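Asks: Read off the chains here:
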Amino acid sequence: DAGVIQSPRHEVTEMGQEVTLRCKPISGHDYLFWYRQTMMRGLELLIYFNNNVPIDDSGMPEDRFSAKMPNASFSTLKIQPSEPRDSAVYFCASNSQGAGQPQHFGDGTRLSIL
Amino acid sequence: RKEVEQDPGPFNVPEGATVAFNCTYSNSASQSFFWYRQDCRKEPKLLMSVYSSGNEDGRFTAQLNRASQYISLLIRDSKLSDSATYLCVVMYNTDKLIFGTGTRLQVFP
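Chains A and B are the protein sequences, given in the same order. Here the first sequence stands for residues 1 to 114, numbered as in our numbering. Here the second sequence stands for residues 1001 to 1109, numbered as in our numbering.
No lab work stands behind these hints: they were computed from the structure. The structure displayed is predicted, hence computed values, not measured ones. Treat the hints loosely; a few may be bogus.
[What the hints assert, rightly or not] Straight-line alpha carbon distances no greater than 25 Å define the calculated BS3-like cross-link-like pairs of lysine-lysine that follow:
#, chain 1, residue 1, chain 2, residue 2
1, A, K68, A, K78
2, B, K1079, B, K1042
3, A, K68, B, K1096
4, A, K24, A, K68
5, B, K1045, B, K1002
6, B, K1045, B, K1079
7, A, K24, B, K1045
8, B, K1002, B, K1096
9, B, K1002, B, K1042
10, A, K24, B, K1079
11, A, K78, B, K1079
12, B, K1042, B, K1096
13, B, K1096, A, K78
14, B, K1096, A, K24
[As the list claims (entries may be wrong)] Selected chain B positions facing chain A (in silico; Cβ < 10 Å):
#, residue
15, Q1038
16, E1043
17, L1046
18, Y1051
19, L1064
20, L1080
21, S1083
22, L1087
23, V1089
24, D1095
25, I1098
26, G1100
27, G1102
[What the hints assert, rightly or not] Restraint-style ranges between C-beta atoms, simulated for each label pair:
#, chain 1, residue 1, chain 2, residue 2, range
28, B, T1018, A, N71, 21 to 27 Å
29, B, P1010, A, R110, 19 to 25 Å
30, A, E62, B, E1015, 43 to 49 Å
31, B, L1074, A, Q97, 25 to 31 Å
A virtual CB, placed ideally from N, CA and C, is assigned to each residue, including glycine.
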């Protein structure tokens, strides 16, 4: 079975550019989570969706970050404009029935903003 | 104060050793607890849930102390393949997980 699929795996871009990260959750999962991981702050929840609806975006650092889930099989996390401090690994995870159930993570996107 | 705190380590132990990690959490309303494992440059994966009565899965034992607000993970008979970062995870609001920054374990031959 296919797991959570993220793209791209790596992204290097200059500050000020728009960055779009993509995620395809596991089929049938109704929850989708976006996380950011850095050495200093560890793994932080940015936003999560239930049935394509954003439930909690309190972890989104600022207005430069936005996330959408237009359908059950696709989500995007966009940063515009990007800044060097956005450099991190961004993970997408999905599950059924909420956070109390095991979350299946994608391989992550390693983002470097120069 | 961080919501979930862990000793970052690293813990360097020989094969066959027993090693224990602790984790403290600040929100007494926390409902569920987990240990995730993350290998270098890989995604986190669920290792085990932590139940109030304590639970065991092979060489791994998890304990929860609600009064003191800490969780522990004990690994017996360490293997080289246990080398990883262990993330303490707490859920206190429905559907939302809070991750610790992790404790790094290195098992050497």
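Asks: Hint by hint, note whether the structure agrees.
Replies: So, going through the hints one by one against the coordinates:
1. A:K68 to A:K78: This hinted pair holds, its Cα atoms lying about 8 Å apart.
2. B:K1079 to B:K1042: Holds, at about 19 Å.
3. A:K68 to B:K1096: holds (18 Å)
4. A:K24 to A:K68: holds (12 Å)
5. B:K1045 to B:K1002: Within the cut-off at roughly 22 Å; holds.
6. B:K1045 to B:K1079: Answer holds: K1045 (chain B) to K1079 (chain B) is near 18 Å, not above 25 Å.
7. A:K24 to B:K1045: Status holds; Cα separation ~18 Å.
8. B:K1002 to B:K1096: holds (16 Å)
9. B:K1002 to B:K1042: The hint holds at about 24 Å.
10. A:K24 to B:K1079: Measuring from Cα to Cα gives roughly 34 Å; hence the hint is violated.
11. A:K78 to B:K1079: violated (41 Å)
12. B:K1042 to B:K1096: Distance of about 21 Å is within 25 Å: holds.
13. B:K1096 to A:K78: holds (21 Å)
14. B:K1096 to A:K24: Since the Cα atoms of K1096 (chain B) and K24 (chain A) sit roughly 20 Å apart, the hinted pair holds (cutoff 25 Å).
15. Q1038: The hint holds - Q1038 (chain B) has a Cβ within 10 Å of chain A, the shortest such distance being about 8 Å.
16. E1043: holds (4 Å)
17. L1046: Check passed: Cβ of L1046 (chain B) comes within 4 Å of chain A, closer than 10 Å.
18. Y1051: violated (12 Å)
19. L1064: Not OK, violated: L1064 (chain B) not within 10 Å of chain A, min 15 Å.
20. L1080: Cβ of L1080 (chain B) sits 23 Å from chain A, so the hint is violated.
21. S1083: violated (18 Å)
22. L1087: It holds, given that the least Cβ distance between L1087 (chain B) and chain A is near 7 Å, below 10 Å.
23. V1089: Constraint on V1089 (chain B) satisfied, holds at 9 Å.
24. D1095: holds (4 Å)
25. I1098: holds (7 Å)
26. G1100: For G1100 (chain B), the interface hint holds, since the closest Cβ of chain A sits about 7 Å away, which is under 10 Å.
27. G1102: At 6 Å from the nearest chain A Cβ, G1102 (chain B) passes the 10 Å test, so the hint holds.
28. B:T1018 to A:N71: 21 to 27 Å: violated (48 Å)
29. B:P1010 to A:R110: 19 to 25 Å: Since P1010 (chain B) and R110 (chain A) have Cβ atoms about 22 Å apart, the given range 19 to 25 Å holds.
30. A:E62 to B:E1015: 43 to 49 Å: Since E62 (chain A) and E1015 (chain B) have Cβ atoms about 46 Å apart, the given range 43 to 49 Å holds.
31. B:L1074 to A:Q97: 25 to 31 Å: Given range 25 to 31 Å: holds, Cβ gap about 29 Å.
This entry does not satisfy hints 10, 11, 18, 19, 20, 21, 28, going by the numbered hints stated previously.
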